[in-house]
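Asker: Residue-level listing of the chains:
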Amino acid sequence: MPMMNELLEKETLAPKVTRYVVRAPDVARFRQAGQFVIVRIAEDGERIPLTIADADREQGTVTLVVQEVGKTTAAMTRLEVGKPILDVVGPLGAPTHIEKLDYVLGVGGGIGIAPLHPICQAFRAAGTHVEAILGARNKDLLILEDWMRRACDQVHVCTDDGSYGEKGFVTHVLERLIGERKPDLVVAIGPLIMMKMVAKVTQPHGLKTMVSLNPVMVDGTGMCGGCRVSVGGKTRFVCVDGPEFDAHQVDYDELLSRQRFYLEQEKQAYQRYVEAVGHGPEECRIRGGQQS
Amino acid sequence: MSDAATPEGTPKKKKSTLFKEPRSAMPEQDPQERIKNFREVPFGYTPELARREAERCIQCKKPHCIDGCPVAIDIPRFIRQIHEGDFDAAVKTIKETNVLPAICGRVCPQEEQCEKVCNLADSKKYQPVAIGRLERFAADWEAARGKIEPPTCAAPTGKKVAVVGAGPAGLTVAVDLARRGHKVVVMEALHKAGGVLVYGIPEFRLPKVIVGREVDTLAKMGVELRTNVVVGKSIPVDDLLQEYDAVFIGTGAGLPYFMGIPGENLNGIYSANEYLTRVNLMRAYNFPTDDTPVCRGRKVAVVGGGNVAMDSARTALRMGADEVHLLYRRTRTEMPARIEEVHHAEEEGVRFQFLTAPLKYVGDKENRVCGAHCQRFELGEPDASGRRRPVPIKGDEFDIELDMAVCAIGNGPNPLVPNAQPDIKTRRGGNIVAEKGTCRTSKKGVFAGGDIVLGAATVILAMGAGRNAAQAIDDYLKTGEWPELGELEVK
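First to last, the sequence lines map onto chains G and U. Mapping the first sequence onto my numbering, position 43 (from 1) lands on 43, and the numbers just tick up by one. Mapping the second sequence onto my numbering, position 330 (from 1) lands on 330, and the numbers just tick up by one.
With the rest of the complex left out, here is chain G (with noise of 0.2 angstroms):
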C-alpha cells in the first residue's frame, strides 16, 4: 500500500513560495474547486488551513502552494521528499458553484492565484470563456503563469513595479476589463486587502463578484468557531459556510483584525524557530500575518 500523504515533490516557485505535491488520494478523488485542507507537521504542531492549487484523481496526488509566513510554513520547506506528512485532511469547505457562464474573470493576487487555479479549470472545463488577471508585486513573486494560461483563456499579467507585465495594481487591469466587457462572475482570491479593493471596483457596476477567505482556523469542521467573519451583517463560519462568499458582503476590516490576532504569537514561535534551525540562506524576516 503506497504511503499515506507522502510528500513527493516539492519545489520553490518563488521566494517565500514553495509547491508541494502529496499522495492523498481521498483529497485528490473528491475535491471540488474552492476548497482546502488543513494540515499539521508536528505531534507539537498547529493545525493550518491551506488551499488545493490543484489534483490529480489518477495518481492520488493533491497540489499545494504554500507561502511561508510563520512557523509551520516555515518548517514546511524542511520536509523531506518521500517521507508523509503527519496529518493531511479534507477536503474541507463547500466547493465553488460551478455552472456555464458567458465569461468570468479571475483576479489572482500573490498567493492567491494557487487557489483560484482550479475555479478557472473548472469554469472553462462547463465551456465558460474564462480570463484572469494575475498580479504580483514583482517578476520574481509571480507564480503559475504557465498553469494559468493552460486553464484560461486569456492570461492579464501586472506587478506592482513595473517588472513584468503591466505595471500597477490588478485593480488597474480590472477597471480597464470591466470597461470592455462585463463579465458574469468575478472571482477574487488574494491579500485581504486586495479582495476589498477588488469588491469596491466592482460594486458600482452591480457585477456579482465572489472572494475566497483564509482566515485563522483550528478544526475546519465548524466545531470552533474561530473562523467566523461578518457577511452581510451575520456571522458565518468560513469552513463550513466557505471560504467564498459575496465580495459585497463582508467585513474585510473585522476580517483583517481577526487575522492579525495572534500576530505578536506567531512571530515569536517564528523567532524561536529560525534561532533553533538557524538561518537560511536568504533573509528571514517575518512578514506578518497570513496572506495580508
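Calculated from the structure, these hints are not laboratory results. Treat the hints with care, since some could be wrong.
To be verified - Take a look, some chain G residues computed to stay more than 12 angstroms from chain U by CB distance:
no.: 1; residue: Glu9
no.: 2; residue: Gly165
no.: 3; residue: Lys167
no.: 4; residue: Ile193
To be verified - Selected chain U positions facing chain G (in silico; Cβ < 8 angstroms):
no.: 5; residue: Phe258
no.: 6; residue: Ser271
no.: 7; residue: Asn367
We put the CB at the ideal spot given by N, CA and C, even for glycine.
Dock chain U against the given chain G, drawing on the hints supplied.
Answerer: Same frame as chain G, but now just chain U:
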C-alpha cells in the same frame, strides 16, 4: 459472569451502621495550588477509603441505582465486591456493561442518575453512596496495576461496520460490536480519537492519558481507527455503505452557538469549543513549545451555566487570569452544571454573577474586546424547559471591564454529515432523526446516536445510545430487516 451471588445470597454479618455517616470525600489538590497547574483535581479513593465507602451501601433488595444508570451497571454487586476487597471482580462487573469506567466515574452526572435514586438518599436522612467515586476507584485500580484486560471478542462474523466519530457514542458502539465479532473501522475528523473527551473536557477533570488508555483497548480488540477522515467531505456516507454492512453516525454537537449580540466577533472572544480545543487538544498552555497560541486573558468573562462554562472558567484561571467572572442569566438552582463542578469552580475563585448576561461587547481600537455591557434579570414564569424564564429588569444595566470572553451557551449538531447526505432525515435544528432504543435513521443501514441526535447532552447518555445502537446494529446484521421507524428519540 463469574460471580453469581445475589445480595440476598450473601451471608448475614453484623450489620454496618456506616451508612449513617457522611460519604467519604476524595482527597484532592488544594484550590490555591491547583489553579497553577493542569493536573487532575481529585486524587481518588485509597483502597481503604473505597472499602469504607462501599460498606455504606446497604445492598438493597430492590436497588434503584441500576435503573438510574443509562448503561445499567450492576451497581450493588460491584460495590459489594469492593467492600469485600475483590477489586478485580468489581472491575469485571462494571465492564460487563460499561467499557469506559475510568471516564464515566469522572464525568457522569451521578447526582442526577444512580446517586439520585440511591435508597439512602431517598430517605433524606442520609447521603447517597458515592457510586461514581467507587467506579472511578475500581477503574483506576485496574489501570494502576497495568493489566487492563480488553473484553474478549467473539469469532469474526465477516461483517464490517463503519463508525463515524470517535467520541463517547462511537467508541462505545465500536467496543460493543467488536465484542460481537464484527470488524469495526472508526473514522475521526480530528487528528486524535476521543471527541469531546480530548478536545473539550480539560486535563484537570479528565486526564488525557485515561482517554488514550481506553482508545488503546479498542485497538487491542482489533478495532481500526482512522483519524483525519471527515465523513461527508473526505468520503460520502453512500460510499461507506458500499464497503460496510452498516454505518453508525456519532458526530456530536460540534457547532457552537453564539448569542448574536454586537461585538461578538471582536478579538479575544471565543466559543468554549475553540478556547477548550486550543488549550486541551492543541495544548496552547504549552505555547511556544507547542505551536498553537491562545489569548491569556487577565480579566475574563465566561457566559453560560453548564459544565462547559465551568471548564472554561477553571481553564482561564489556570491560564493565568486574575479574575474570572461567570455570567449566568438565571440563578444557581437552574444551572445545568454538575454540583461538584460548581463547587470546584467556587473553591478556585471563579466569581459567579447570576441573573446576568451581556447585551453587547465593546472593543478597543485594535478590535480587541475590552468590556461588556450587561443586563440584570429576574426570574419569571417557567418556560418550555420547566425552568423559570429570566426576564430583563428594565434599566438595570451595567458595564464590566474584561480582556477576554468565552461564550459557553451550547452547541448545535455538527452539520457536515446531514448536509452531505440529505436522505438522512433531520429535525428542525439539524439533529438527526433516530428511533428510540435502536438509533435507526431514515436511511437503511445507517444508525445515529449521541449528541448528533440528542443535542448537547452528556457523555454517559451518548454511551447509552452507543450501547443500544450496537445491539440494534447486531440485530440488523443478522436479519437485514429495516422496518418503519417507531417512536423517535426526542431532544
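Asker: Next step is simple, just say for each hint if it's right about the structure.
Answerer: Evaluated hints:
1. With a least CB separation of 21 angstroms from chain U, Glu9/G remains clear of the 12 angstroms interface cut-off, as annotated.
2. Every CB of chain U is more than 12 angstroms from the CB of Gly165/G (nearest about 36 angstroms), matching its label as outside the interface.
3. A cut-off of 12 angstroms between C-beta atoms confirms that Lys167/G is not in contact with chain U; the least separation is 34 angstroms.
4. Remark: the non-interface label on Ile193/G is consistent with the geometry, its nearest Cβ contact in chain U lying 16 angstroms away (cut-off 12 angstroms).
5. Interface hint status for Phe258/U: upheld, as the beta-carbon distance to the closest one in chain G is roughly 6 angstroms, under 8 angstroms.
6. Against a cut-off of 8 angstroms between C-beta atoms, the interface hint on Ser271/U holds, since the closest Cβ of chain G lies about 4 angstroms away.
7. Against a cut-off of 8 angstroms between C-beta atoms, the interface hint on Asn367/U holds, since the closest Cβ of chain G lies about 4 angstroms away.
Of the hints listed earlier, there is not a single one the structure fails to meet.
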